[in-house]
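Chains as they are written, first to last, in this note's numbering: chain A, 34 to 142; chain B, 4 to 276.
Hints are not guaranteed to be accurate.
[Claimed, not checked] As a list, the in silico DSS-like pairs of lysine-lysine whose alpha-carbon atoms are at most 27 Å apart: (1) A:K103 x A:K46; (2) B:K262 x B:K207; (3) B:K118 x B:K144; (4) B:K204 x B:K269; (5) B:K40 x A:K39; (6) B:K262 x B:K251; (7) B:K40 x A:K46; (8) B:K181 x B:K136; (9) A:K39 x A:K103; (10) A:K40 x B:K40; (11) A:K103 x B:K78; (12) B:K262 x B:K181; (13) B:K262 x A:K103; (14) B:K207 x B:K181; (15) B:K185 x B:K78; (16) B:K204 x B:K218; (17) B:K207 x B:K218; (18) A:K103 x B:K30.
[Unchecked claim] Negatives, chain B to chain A, calculated, CB over 12 Å: (19) G31; (20) A131; (21) Q230.
[Unchecked claim] Quick look at which bits of chain A chain B covers, simulated, 3 or more residues with Cβ under 8 Å: (22) 39-52; (23) 74-80; (24) 129-137.
No wet-lab data here; the hints were simulated from the structure. Predicted model, so just to flag it, every value in this text is computed and none were measured. The beta carbon of each residue, even a glycine, is placed where N, CA and C say it ideally should be.
Here's the letter readout for the chains.
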Amino acid sequence: MNDFYKKVEDLIKQGETVAVATIVNARGSVPREVGAKMLIRRSGEFDGTVGGGCGEAEVFRTAVDVIETKQPQMVHVDLTDEIAMRTEAVCGGHMDIFVEPWFLPAQQS
Amino acid sequence: MLELTGAITAALEAHRAAALTTIVSVKGRPPVEVGAKMVLTSEGQRTGTLGDASLDERVLEDLRRVMETRQVQVKTYELAQGQTADVFFELFMPPPQLVVVGAGHIAVPLAAMGKMLDYEVVVIDDRATFANKTRFPTADKIIVGDYEESITNLDLTPSTFVVLVTRGHRHDVLSLRKVIQKPLAYIGMIGSRRRVFAVLKLLKDEGVSIDHLAKVRAPIGIDIGAQTPAEIAICILAEIINVWNGGKAVGMSDEARPKFLRALQKGDPEPEG
Numbered sequence: 034m035n036d037f038y039k040k041v042e043d044l045i046k047q048g049e050t051v052a053v054a055t056i057v058n059a060r061g062s063v064p065r066e067v068g069a070k071m072l073i074r075r076s077g078e079f080d081g082t083v084g085g086g087c088g089e090a091e092v093f094r095t096a097v098d099v100i101e102t103k104q105p106q107m108v109h110v111d112l113t114d115e116i117a118m119r120t121e122a123v124c125g126g127h128m129d130i131f132v133e134p135w136f137l138p139a140q141q142s
Numbered sequence: 004m005l006e007l008t009g010a011i012t013a014a015l016e017a018h019r020a021a022a023l024t025t026i027v028s029v030k031g032r033p034p035v036e037v038g039a040k041m042v043l044t045s046e047g048q049r050t051g052t053l054g055d056a057s058l059d060e061r062v063l064e065d066l067r068r069v070m071e072t073r074q075v076q077v078k079t080y081e082l083a084q085g086q087t088a089d090v091f092f093e094l095f096m097p098p099p100q101l102v103v104v105g106a107g108h109i110a111v112p113l114a115a116m117g118k119m120l121d122y123e124v125v126v127i128d129d130r131a132t133f134a135n136k137t138r139f140p141t142a143d144k145i146i147v148g149d150y151e152e153s154i155t156n157l158d159l160t161p162s163t164f165v166v167l168v169t170r171g172h173r174h175d176v177l178s179l180r181k182v183i184q185k186p187l188a189y190i191g192m193i194g195s196r197r198r199v200f201a202v203l204k205l206l207k208d209e210g211v212s213i214d215h216l217a218k219v220r221a222p223i224g225i226d227i228g229a230q231t232p233a234e235i236a237i238c239i240l241a242e243i244i245n246v247w248n249g250g251k252a253v254g255m256s257d258e259a260r261p262k263f264l265r266a267l268q269k270g271d272p273e274p275e276g
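The whole structure should be built from the sequences, with the hints applied where relevant.
Dropping the structure here:
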């Protein structure tokens, strides 16, 4: 896990703002455990996973917004709804995923 | 944000656990911000702030319990009537350390297998003929010296497992006295029920609290009918893995403990059964 923050560190040192998504709450059957993390860059590149198909698209959309506004957001993923049930990624639980920006304050970058 | 990642890295390099705490949501507009972060080490060092001194304090108070369970989790704090903040605890743990006190016949397979499990292995004995590189080729550290002094000089942390397998009752007492009040992951002591009880009783008479005595895993290990030194090492390491991973196996000490503690509290010379 320390490698994860090493990557975050390297990117923000270059002046980039990245989004870090973390599963902070999970109920029912979910694809990954609380604490699972994903690093998302403005370019769309990413590292790690918060559960693949199950709600990850929503996390990506939010990450773009978080990088833009530099404001954290919470994503509530409901894997019990009809749309999720129709896809292959049927999981059947709920997750709260915290998506936050990591960047160096202006004077340091 | 670099000071936060820097504090985590520094803690891990010093074999300390660290936690990254983040406010992930709030209710009722408390005077703190979502996204505020603070790094805490197992030593209580703080970097950054969640934005409220009393909240920082309360999070620090909860840290030990969170580290003991090693469960990442969210905790909710009330800052004022109707104002709450949810704080996410993310944990960073150094590799666990296995300290083998006594370099006798059980210590040899114990140290070797401990290394297979990726523990940082330390072996202590006061006899150089036992504690040496020939007997313990894979150990990270071999200390030849007085038990009490050697243990006192070690860097013991909440990720440290101490296994007492010395050659005698007296050395167990000396060593146990040095570690029993420390917040370790595990303290196990080998010996028959009678020898174990005698050691605990001696420490009780010296004023060590029942709570501290209750943490000692003795008789040590999980009952797999171990006979040979290697089997006994497996029985001990099975218990260590069980503790570290929060498994469901029951140790021999879990069964003996109620009787031991009752006898200690009553001042009986021996436990019943």
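Evaluated hints:
1. A:K103 x A:K46: Given that 27 Å is the threshold and the Cα spacing comes to 16 Å, the pair holds.
2. B:K262 x B:K207: holds (15 Å)
3. B:K118 x B:K144: The given pair, whose Cα atoms are some 11 Å apart, holds under the 27 Å limit.
4. B:K204 x B:K269: holds (11 Å)
5. B:K40 x A:K39: Holds, because 17 Å separates the two Cα atoms, which is no more than 27 Å.
6. B:K262 x B:K251: holds (21 Å)
7. B:K40 x A:K46: Within the cut-off at roughly 18 Å; holds.
8. B:K181 x B:K136: Distance of about 26 Å is within 27 Å: holds.
9. A:K39 x A:K103: holds (20 Å)
10. A:K40 x B:K40: Answer holds: K40 of chain A to K40 of chain B is near 18 Å, not above 27 Å.
11. A:K103 x B:K78: Answer holds: K103 of chain A to K78 of chain B is near 24 Å, not above 27 Å.
12. B:K262 x B:K181: holds (25 Å)
13. B:K262 x A:K103: violated (59 Å)
14. B:K207 x B:K181: holds (14 Å)
15. B:K185 x B:K78: With a Cα-Cα distance of about 26 Å, the restraint between K185 of chain B and K78 of chain B holds, given a limit of 27 Å.
16. B:K204 x B:K218: holds (14 Å)
17. B:K207 x B:K218: holds (13 Å)
18. A:K103 x B:K30: holds (21 Å)
19. G31: holds (16 Å)
20. A131: holds (37 Å)
21. Q230: It holds; Q230 of chain B is separated from chain A by about 39 Å at its closest Cβ, greater than 12 Å.
22. 39-52: holds (count 5)
23. 74-80: violated (count 0)
24. 129-137: holds (count 7)
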